[in-house]
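Asker: Since the structure of chain Z is already known, use the hints to place chain G on it.
Here the protein sequences come in this chain order: Z and G. For the first sequence, the numbering used here assigns the number 323 to the last residue and increments by one with no breaks. For the second sequence, the numbering used here assigns the number 1289 to the last residue and increments by one with no breaks.
Any given hint could turn out to be false.
With the Cβ distance kept under 7 Å, some of the chain G side facing chain Z (calculated, not the full set) [said to hold, decoys possible]:
#1 Val1035
#2 Ile1104
#3 Ser1107
#4 Gly1110
#5 Ile1207
#6 Phe1209
#7 Gly1252
#8 Val1255
#9 Ile1256
#10 Glu1259
#11 Leu1262
#12 Ile1269
#13 Ile1270
#14 Leu1273
From the derived model, a few chain G residues whose C-beta atoms are all more than 12 Å from chain Z [claimed, not checked]:
#15 Asp1055
#16 Trp1111
#17 Glu1127
#18 Val1144
#19 Leu1154
#20 Arg1166
#21 Asn1171
#22 Val1178
#23 Leu1268
Note that these hints are calculated values from the structure, not bench results. Where is the CB? At the ideal position from N, CA and C, for every residue including glycine.
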Amino acid sequence: MSRRQIIVIAVVLLAACALPFVVSNYRTFQFTLALVYAIALLGLNMLTGYNGQISLGHGAFYAIGAYTTAILMDQYGVPYWATIPVAAAVCLVAGFLFGLPALRLEGLYLALATFALAVSLPALLKYHHLEHWTGGVQGIVILKPDPPFDLPINADQWLYFFTLAVTLLMFVLAWNILRGRMGRAMVAIRDQHVAAEAMGVHTAMVKSMTFGVSAMYTGVAGALGAIAIQFVAPDSFNIFVSIVFLVGIVIGGIASISGAIYGALFIQFVPNIADAISKAAPWAIFGIFLLGFVYLSPMGVAGAVRMAVVRLTRKAQNQAAKP
Amino acid sequence: MDEFLRQVLAGLATGGIYASLALALVMIYQATHLVNFAQGELAMFATYFAWSLIDAGVPYWPAFLLTVAFAFVLGVLIERVIIRPVENAPVLAVVVVFIALLVILNSVAGWIYSYTIKTFPSPFPEEPIFGKYITSHEGGAIGVTMVVLLLLYLFFRFTPLGLAMRAAAQNPDSARLVGIRVGWMLALGWGLAAAVGGVAGMMVAPIVFLDPNMMGGVLLYAFAAALVGGIDNPAGAVFGGFLVGVLENLLGAFVIGNELKLAVALVLIIGVLVVKPSGFFGKVLVTRV
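Extracted from the complex, chain Z is given alone in its bound form (with noise of 0.2 Å):
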């Protein structure tokens, strides 16, 4: 990392660690949700972005981890913090399974099929054979945690802390994965698979391994989503969900690390300011800007930043460089 990187993330760190001491309970819990997404994404983003396996259904492990979380700590008592352990293996399990059959689809079919699992993922849950634990479509309500060793602050500020410290552990674990050698497979199957595979590259295991620890990254965000809003149910991991994710990588930014946070400031907070305008408006501004993303700005909003960046160091150069 160049020094210029460390300092903006340090300012960032400071920034995200000064923000739920500055504004009100509410808006730390939108940020701690907006957290939430940024792990979802990122999770999304290395299975679509650098991978190329293109997935309409994270809702379902979103749901899958949300529900993990739930069942624990509603039937087994479980304390809130020792379920995401157990959410992320399950959903790492989960993904590798599906990512299992999934190796034999390309590009749209698996789109296609995974489009399929988010749609009847909600009828899914319904089921009354699974209400004893999923509590049909009347869903499970959750308890808040409290601030734990008598802290000073409440229950919404410990919240976005332990949102944060998990946050910047999956960041930390995203940036080593792909920076190493499972990254570069990762990108090398998608930009040419034939290829990977004559370099050595086990392409099966990688997908299917990519699929698991991108299933997982989403698992841990339901669970932290569902400790967040203290309640799933069924009705609320429909394939919009699914859908936002996938608005969120577009406009963050495909194959970007800090695409995710991006996405997830997007995603949070527009629908807040357009709600205001009609039910619908948040979701006609989503499909509006997709499709302007596409068309402008295919690299989303961290590509266009980088560029921004490129752009202003070259001229300060070239203004140095002058006598």
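Answerer: Using the frame of chain Z, we list chain G on its own:
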């Protein structure tokens, strides 16, 4: 036995609707090798148009024909304005555009007509006219589907325009060389697909009621139908539609219960894609690497 027969016939009725929508998907797939995720929302939007006409006092059948025309124009416009620029773009961009289209149509319908559920009239009488096993709307829907399929068959088989459209879909380069305007043929294909989808929407609306999300499930069954029959084979899609309709109804009534009906579509889609991606009648794709 009575119950069984009733379920089979009801399955054929919804199956006909799935068949129409599946046919619309296949028509677009054949021409462009794209799967139109917004096909269901296009049909929903056309159905709302029909509803507002009928609400304004237009009799059913004129409203029906006007809606078909409206859907056709909408389809052509969407192809020309929105799909054309991404025709040769990577798959992800195309999928994103389709999803954007889905979201926009859905929200515009919700904006104009609100999200409250509306009833949609059936053109067929209340009392059963096709015997005791089947309601007259179900019987009528089968009839309408059959007429649409027959008209499409006649159009593609016996008219010069139909021939040109088939040529443009099968071999765009050669078609262009003999003077067919391939771009316009694709746009016409989109228009026809949207019109057929609109008919499916108007036939299914009296059963599932009218709301902006009504086509979600139907689209899934149509995907399943198109895949079962082979996504590049129109006749296969029709067969798949009826098969999926009957299967869904029988399994729902006797085996797994109504709650898991949608899961049938999911299992069919993933099952067919994994085990036999070309479906029953599709061409087996061989890619050179």
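Asker: Would you mind marking each hint as holding or not holding in the structure?
Answerer: These are the hints, each one checked on the structure:
Of the supplied interface hints, the one on valine 1035/G holds, with its beta-carbon coming within about 5 Å of a beta-carbon of chain Z, less than 7 Å. Contact between isoleucine 1104/G and chain Z, as hinted, is supported at the beta carbon level, the nearest pair being about 4 Å apart and thus within 7 Å. Interface restraint check for serine 1107/G: the shortest CB-CB distance to chain Z comes to about 4 Å, inside 7 Å, so the restraint holds. A least Cβ separation of about 4 Å between glycine 1110/G and chain Z falls short of the 7 Å threshold, and the interface hint therefore holds.
Evaluation of the isoleucine 1207/G hint against chain Z yields a violated restraint, the C-beta minimum of about 17 Å exceeding 7 Å. The interface hint given for phenylalanine 1209/G is broken, as the beta carbon of that residue sits about 17 Å from the closest beta carbon of chain Z, more than 7 Å. Below 7 Å, beta-carbon pairs count as interface contacts, and glycine 1252/G has none with chain Z, the closest being about 11 Å; its hint is therefore violated. The beta carbon of valine 1255/G is not positioned within 7 Å of any beta carbon in chain Z (closest approach about 14 Å), and the interface hint is therefore violated.
With a least beta-carbon distance of about 9 Å to chain Z, the hint placing isoleucine 1256/G at the interface is violated under the 7 Å criterion. Of the supplied interface hints, the one on glutamate 1259/G holds, with its beta-carbon coming within about 5 Å of a beta-carbon of chain Z, less than 7 Å. Restraint check, leucine 1262/G versus chain Z: the minimum CB separation of about 4 Å is within 7 Å; hint holds. Below 7 Å, beta-carbon pairs count as interface contacts, and isoleucine 1269/G has one with chain Z at about 4 Å; its hint therefore holds.
With a least beta-carbon distance of about 5 Å to chain Z, the hint placing isoleucine 1270/G at the interface is held under the 7 Å criterion. Hint status for leucine 1273/G: holds, given a least beta-carbon distance of 6 Å to chain Z, under 7 Å. For aspartate 1055/G, the requirement that its beta carbon stay farther than 12 Å from each beta carbon of chain Z is met, with the minimum near 20 Å. Residue placement check: tryptophan 1111/G does not keep its beta carbon more than 12 Å from all beta carbons of chain Z (closest about 4 Å).
Interface exclusion of glutamate 1127/G from chain Z stands, the closest Cβ pair being 33 Å apart, more than 12 Å. Valine 1144/G, annotated as away from the interface, keeps every beta carbon of chain Z farther than 12 Å; the closest lies near 26 Å. Taking the minimum C-beta to C-beta distance to chain Z, about 31 Å, the non-interface status of leucine 1154/G holds against the 12 Å cut. Every CB of chain Z is more than 12 Å from the CB of arginine 1166/G (nearest about 22 Å), matching its label as outside the interface.
Distance check on asparagine 1171/G: its Cβ is at least 21 Å (rounded) from any Cβ of chain Z, clearing the 12 Å threshold; non-interface status holds. With a closest Cβ-Cβ approach of about 30 Å to chain Z, valine 1178/G is found to remain outside the 12 Å limit, as its non-interface label requires. Residue placement check: leucine 1268/G does not keep its beta carbon more than 12 Å from all beta carbons of chain Z (closest about 9 Å).
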